[in-house]
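Number of protein chains: 2
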Amino acid sequence: MPAMTQPATADTRPYHHGDLSRALVEAARRILETEGPAALSLRAVAREAGVSPAAPYHHFKDKSELLEAVAHEGWMALDVALTAARAKASDSNERMTSLGVAYVCFARDNPALYRVMYDRSRDKDSLPDQMKEEGAYCQVRNTIDERTGGGVSPIDLELATIAAWCAGHGLAEMIGFKQFAPLKEALGGEEAFLRAVFEHLGMFAKLDQG
Amino acid sequence: MPAMTQPATADTRPYHHGDLSRALVEAARRILETEGPAALSLRAVAREAGVSPAAPYHHFKDKSELLEAVAHEGWMALDVALTAARAKASDSNERMTSLGVAYVCFARDNPALYRVMYDRSRDKDSLPDQMKEEGAYCQVRNTIDERTGGGVSPIDLELATIAAWCAGHGLAEMIGFKQFAPLKEALGGEEAFLRAVFEHLGMFAKLDQG
DNA sequence: GCATCAATCTAAACGATGTCAAGATAATCT
DNA sequence: AGATTATCTTGACATCGTTTAGATTGATGC
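From first to last, the protein sequence lines stand for chains E and D.
The first sequence runs 2 to 211 under our numbering.
The second sequence runs 2 to 211 under our numbering.
It is possible that some hints are incorrect.
A pair holds if it fits inside one copy or across any two, identical chains being indistinguishable in the list.
Straight line, CA to CA, 30 Å or less: simulated DSS-like cross-link-like pairs of lysine-lysine [claimed, not checked]: (1) K185 x K89; (2) K62 x K89; (3) K185 x K64; (4) K62 x K185; (5) K89 x K64; (6) K89 x K125; (7) K125 x K185; (8) K125 x K64; (9) K62 x K179.
I should point out that these hints are in silico values taken from the structure, not numbers from a laboratory.
Remember, it's a predicted structure, so these values are computed and weren't measured experimentally.
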C-alpha cells in the first residue's frame, strides 16, 4: 500500500492542486477501504480530495477511467504480494501452494479493491493488460514452468496457468462465505482450509503424470 | 427460460396488474438480456412492465429484493441445465466433466444473469440458499460422491465440492476473455478448451489416490 | 347490494449521482 | 508583460432509488 496524502482542505490547498490525478486515486482507495465499494461515487472521491465534482474530468475521461487507475494500483499491489510469497517458499512444490494462498489472502484482505480489479462493467471481455504482461499472471506461469522443470509444451503451460488462476479466483470470491466457517474450524483455521482446497484441486496432476 | 408475458401497455392493462411481482421479474430478465446489466434500473424495470416507478415497492422492499428474485430464477435455471448435463453423460467420469462444461456454458450464455446471481453487493458474505439446499451445489457433491463410490469422508467430499465449484466459477468468469481466443482456436473450439482446462485441474487426483 | 377496509397503483417530490458547458484562475511560454 | 493553455468552479441537466400522499380497485362483512 503506497503512502497516502492527507485529504486536502480548502484552506491548505491552492487553486491548482498539483497532482490531482494521484490524489484522486488515493482518495478512491481510501473510500474503498473505509466505506466500501457502494460509497465509491465520483462525487465522493472529489469531495474526499477536496475538489469540485467536475474537477476529475480534467484528468480522467470517465468514472470508469478512474476506476481503471485504481485497479491498476491493485494489480501492482498483487504483484508485490505474490513476489513476496514466491520468495518465501523454498521448494517448488510449496512455492505453488504459497502463491495460491497469497493470492486468496490478498483478495480476502482487500475485498473492495479486488472487486474493482475484476469489475468488468467497463471493459467487458479482456483481462487487464497488467495481468498478462509481466504481471501476476506471468508469475504463476513461471512458477509452474519452474516446478515442472520446463519440460511442458507451451499450450499445456498456458492451460495449467489458466486452470490455476481460475481456481484461485473462484476461491478468492468465495472465501468469505460464512457457510464455510464450520469447515474452516474443523481444519484448524482459514489458511489450513485454503491449503486443503488447493490440494484437492491437485492442480498439477496432469503435468506430473506427463 | 420461462414464458414471458408481453410488456403491458396502458390500454391493455387495468389499474390493478394482477401479478406484478412476476411481471417485474420477467421485465428485469428481458432488460438484462437485451440491454445488459448496466441498463437494469428499477425505473427501467417498472417502465418495461408498464407501471409507475413506485409500483415495485408494493412487491419488493428494495431494488435488491427484486434482484434477489431474479437471481433465484437464475439458480433454478442453472439447476435445470446441470440436471440435463448430468443425465446425458453415461459414465461417472464423463459426468463430472460434463457438469463442469455445462456450468461454464450456462454462465457464458447468460452472462448478465450469472452476474446478478453472484452479485454480492447486497448479501455480502453468504451463498444464496438456493445454492446449498437441494440446489446446484448438491448436484455437484452428489456427482462427486457417486464418482468416488461413496467412500470418501464427509470433509473430503465437501472440500472436493468446493474445489470443483471454485474452479467452475473462476473459469465461468474468465471464459469470455478474448486473450484466450488463440488457445481456443488451437484446441479446436471453446468446448475443447473448457475440457482441457478441466483436465488440467485434475480435480479428483487426491480422491483417486485415496 | 352496499359500505368499509385493505391492497394496489399513481403523482409528485427529495437527495444523490454522472456528466457537460461556461466561466474563473493560475501556470507556462514567447 | 501579454497571450495561451491547463486546471478548477459554478451551475445546470437527465437519471436514479426511495418516500409520502392521494387515487383506484378488489375483497369482506352486514
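Consistency of the hints with the structure:
Taking CA atoms no more than 30 Å apart as the test, K185 paired with K89 passes inside one copy only; the shortest distance there is 24 Å, against 35 Å between copies. For the homomeric pair K62 and K89, neither the shortest alpha-carbon distance inside one copy (41 Å) nor that between copies (50 Å) is at most 30 Å. Taking identical chains as interchangeable, the C-alpha atoms of K185 and K64 are never at most 30 Å apart, the minima being 38 Å within one chain and 33 Å between chains. When the C-alpha separation of K62 and K185 is checked against a cutoff of 30 Å, the pair qualifies neither within a copy, at 44 Å, nor between copies, at 34 Å.
Taking the shortest alpha-carbon separations for K89 and K64, neither the intra-copy value of 38 Å nor the inter-copy value of 46 Å comes in at or below 30 Å. Taking the shortest Cα distances, K89 and K125 never come within 30 Å of each other, neither inside one copy (35 Å) nor across copies (32 Å). Proximity of K125 and K185 under a CA criterion of 30 Å is satisfied inter-copy only: 19 Å between copies versus 34 Å inside one chain copy. In this assembly of identical chains, the alpha carbons of K125 and K64 lie at most 30 Å apart whether taken from the same copy (15 Å) or from different copies (24 Å).
Taking the shortest alpha-carbon separations for K62 and K179, only the inter-copy value of 24 Å comes in at or below 30 Å, while the best intra-copy value is 39 Å.
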